[in-house]
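Chemist: Single-letter residue listing:
2 protein chains.
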Amino acid sequence: MNTEIIKVSARSLPKLTAGAIAAVIREGNQAEVQSVGAGAANQAIKAVAIARGYGREEGYDLICRPQFTQIKIEEEEKTAIALVVEALQQPV
Amino acid sequence: MNTEIIKVSARSLPKLTAGAIAAVIREGNQAEVQSVGAGAANQAIKAVAIARGYGREEGYDLICRPQFTQIKIEEEEKTAIALVVEALQQPV
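Protein chains in written order, with the numbering used here: chain A, 2 to 93; chain B, 2 to 93.
Quick caveat, the hints were computed from the structure, so don't treat them as lab data. Any given hint could turn out to be false.
Put simply, identical chains are the same to the list, so a pair is met inside one copy or across any two.
Stated by the list, open to error - Derived lysine-lysine pairs resembling DSBU-like cross-links, with alpha carbons at most 30 Å apart:
hint: 1; residue 1: K79; residue 2: K8
hint: 2; residue 1: K79; residue 2: K16
hint: 3; residue 1: K73; residue 2: K8
hint: 4; residue 1: K16; residue 2: K73
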């Protein structure tokens, strides 16, 4: 299982991010949704909630593990929130 | 297993919320962390990330299931984000 990183900003559209998460999960991988700041974190968590809806329709349950991670943006170290998303049951 | 609701605002301290989540989990229950708005959602997700650190020290992994939920605040219906948190392995 690979981990694919999806970066989310405050202006990201949660539905589009949710589609990206679902695509990663369908390939049998896990998604790490990274955000910096409250606006971005909010879009990230909404995206995971929407992706969970897609998963339900396809017969699997998406769970997420939130954790802090250090990322570099324009040579500056920032603390990001990473939501590691995976399917508890694989799609049938 | 009961579900205990923990309400989080933009001014909530993530460490305190994390302690509340850990207390619910230790009792063998699940926590539903509710927030309305970006600032509150950010504090909520930080609290879950911190609580996961406590869980690791105690030998269990906390996962969360984000979902939308309707709540009433001062007679007004609001869409909240609920982070349903549970332990994958129970504390040893």
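Chemist: Indicate, hint by hint, whether the structure satisfies it.
Modeler: Hints versus structure:
1. K79 to K8: both (13 Å within a copy, 28 Å between copies)
2. K79 to K16: So K79 and K16 pass the 30 Å test inside a copy (25 Å) and across (20 Å) alike.
3. K73 to K8: Only inside one copy: K73 and K8 sit 12 Å apart there, 32 Å across copies, limit 30 Å.
4. K16 to K73: both (26 Å within a copy, 25 Å between copies)
Comparing the model with each earlier hint shows no violations; every hint is respected.
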